[in-house]
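Chemist: Listed in order, the protein sequences are those of chains A and B.
Heads up: the first sequence at position 14 corresponds to 26 in our numbering, and the numbers run straight through without jumps.
Heads up: the second sequence at position 322 corresponds to 1521 in our numbering, and the numbers run straight through without jumps.
Don't read these hints as lab results, they were simulated from the structure.
Bear in mind the structure is a predicted one, so any value in this text is a computation, not a measurement.
Backbone N, C-alpha and C fix where the C-beta goes; we use that ideal spot for every residue, glycine too.
Treat the hints with care, as some may be off.
Partial chain B-side listing against chain A, Cβ under 8 Å, derived [to be verified]: (1) E1366; (2) L1544; (3) R1550; (4) I1551; (5) I1555; (6) A1587; (7) L1602; (8) F1608; (9) E1645; (10) R1673.
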Amino acid sequence: MTGARTSTLATLRGSIERIETPGDAYMPGRVALGHVDADATLQGGLALGAVHEVFAEGRQSAAATGFIAGLAGRAIARRPLVWVRQDFTEIESGALSMSGLAELGLDPRLLVVVRAADVDTALRTAADALACDALGGVVLEVWGEARQFDLVASRKLTLAAQASGVTGLLLRVAAQPSPSTAETRWIVRAAHSPPATGTAWGAPVFDAQLVRNRHGPVGRWIMEWKCDECLFEKPAAYPQPVAAAPAHRSHQTPDRVRERRAG
Amino acid sequence: MFESAGPADNCDNSPCIVVARQNNALQISALDNAAADLGLEIGLPLANARAICPHLQVFDADEVADARALNIIADWCDRFTPLVALDSPHGLFLDITGCAHLFDGEAALMRIICDALTRQGFAVSAGIASTSVCARTMTRYATGQIIADGEETEAVRPLPVFTLGAEDAITRGLRRAGLKTIGDVASRARHEITARFGADFTVLLEQALGQGDAPISPRKPLPDYIVEKRFPEPVATEGVIASTLSRLAQTLVTAMDSQGKGARRLEASFFRTDGAVRTIMVDTGQPVTKPDVMDRLFRERLDALNDPLDPGFGFDLIRLAASRTEIVVQQQRDLDANVHDNDELAALIDRIAARIGGRRVVVHLPQHTHIPERAVLAAPAQQHLAVAMRAAWPARVEGEPPLRPLRLFEKPEPIKVPFATVPDGPPHQFTWRRAEHAVVRVEGPERVAMEWWKQDGQTLTRDYFRIEDEAGLRFWIYRDGLYGELVTREGASAPPNWFVHGLFA
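Could you put the whole structure together from the sequences, leaning on the hints where they help?
Modeler: What follows is the structure, encoded as structure tokens:
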């Protein structure tokens, strides 16, 4: 290889390094979810000023909504929340109910809902909202597969979130996970209420699977949302433990995690 | 000032007429010069016209298209004065008070308008006078007249009576009475005229003579502030248009600032050289006082247009108007971060609303009703943000699981229930969206009676159940009506219907 070519390569490597450094050096604040094991895995809790994805099957849409509302409730710290949704989602899984949100312990007064007609508008609006540092968080809800959610769109959202410190939450119902720059990715389904022990059943219980974590291992937990305390917890009495966290990823993330940036 | 637009003369010489159905007969409603030379006139039946001239070209009148054309001309006239009024079917009033000097005087202004319209192929007759009716009367007789203040009576007196534009019966009556000119009519005592032709005609006559004001009703309310930029050479590039808008925004803000105002509604009008006008409106939730905010709002709006701004051969006038303004309350913002946050949020809402429409950005207000689907009102965030942030929501019951679903279907979805154990009990299983769900846990019923004092036809009581199925999914289902309440046409009792109304997390 000639010297000129080597130096070109070096320059390119250098510029890529420069582009990527801010992302990796970015050390977000974290907010504890309340669930001890999950917080330990997430090294303190949900990263603020980052994008998190929640995936669910079509019929699990309400559970996923509840889970993402819980994440938002933890992340926004009583600041406004913008909820961007595509028109189609209301037909498929019903409109977000303010009474229901209040029952979960969240404050409907903090919520501004944007009814976007299509995915492109929703995506653009969400990116705009993420850049507004007066907000606590932005939820983007899209039904089904959307080719618009490519790496570029995802990177845009992540950069906007990092610059403003606003937490972005993506609710993808009836969609398959695709490569993105999200900080974490969850797959959520509803879990049974614990067997009757004399207490009222029906508190939101989620079977939450952390399938991707940029800065740590993954895991799977049964999480119960405590409406009165506004946090996630281990259910008091749950019959059998679910699958333990897979051991194939070490807890301490080595530097090599950079290699899987777009995984 | 008044002008009249008629159909254009066609190129080849065969006479053209436009016919409309009146009194169940086709009559001429408009004609060109060639046809007029043949002795045809408006109001003549089509059969007679054909008898006079067999090779007539006949067109059907299209009043809707005429009105549209008149509106487009009125849009174009907005560049001369903000006060343009329609005088259907084919007249326009322009209130040029204080505008004429911008175009080198009244005569020059009238020439500009007449030339432009003639170039477009319209037959124009224009006149300027101090009252609208006087000007209109003049245009019916001759074009290009400018009547000085105080000379209306002298100018109008010799004109024939039809120029007043009264009903046909009145005009005919006046002719039969031997009153051929307006002067003849005016020489009679007013009470005689009123007794014979009615008070309205007397008013019309006095207005034509310049006595008494004849107000016009402009198409659009006068904006509070207008700034505009005229280009000697039409501009078509996006960069120039954007920079013009930002410069206009600065001028507008300076003008509003001196009176402590902020804009709630902004209108940018783009006048194309070929006469087409495009107006783009932006509403804001809070008064805008910064040029860069206006600039950004318009950028969002222009970006999101379904049919983008088409400059054609270029714009020769760009106008920015604040059509609704509000006094700005200055707030202390150094110490209270909340105020700043709310401003930022309102600005974000404005930007999103500018792009996708104000009704698509909503906040929610609690309503005083037990009916689940009406318990919350979604209101446009631009107008209701402050109210929504102070709204009092019912507090949740401590220690209870959620009693209302997180997702609510706007229209409850019917489910198939094979049978229920006891008449008022919950189902054991049900089919929703072609999937079977076996009920594992139930809580209920929670009975919600409809608001019978409102006459909206929905009077069936609902029994709601919270249900968990074998997969852990939680539903909010209800039975519409009580057992035995529904009766078929034959008199037998019908089983009530079941619906899924919402989903719990």
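Chemist: For each hint, tell me whether it holds in the structure or not.
Modeler: Hints, verified against the model:
no., hint, in the structure
1, E1366, "violated (51 Å)"
2, L1544, "holds (5 Å)"
3, R1550, "holds (7 Å)"
4, I1551, "holds (5 Å)"
5, I1555, "holds (6 Å)"
6, A1587, "holds (6 Å)"
7, L1602, "holds (6 Å)"
8, F1608, "holds (4 Å)"
9, E1645, "violated (13 Å)"
10, R1673, "holds (6 Å)"
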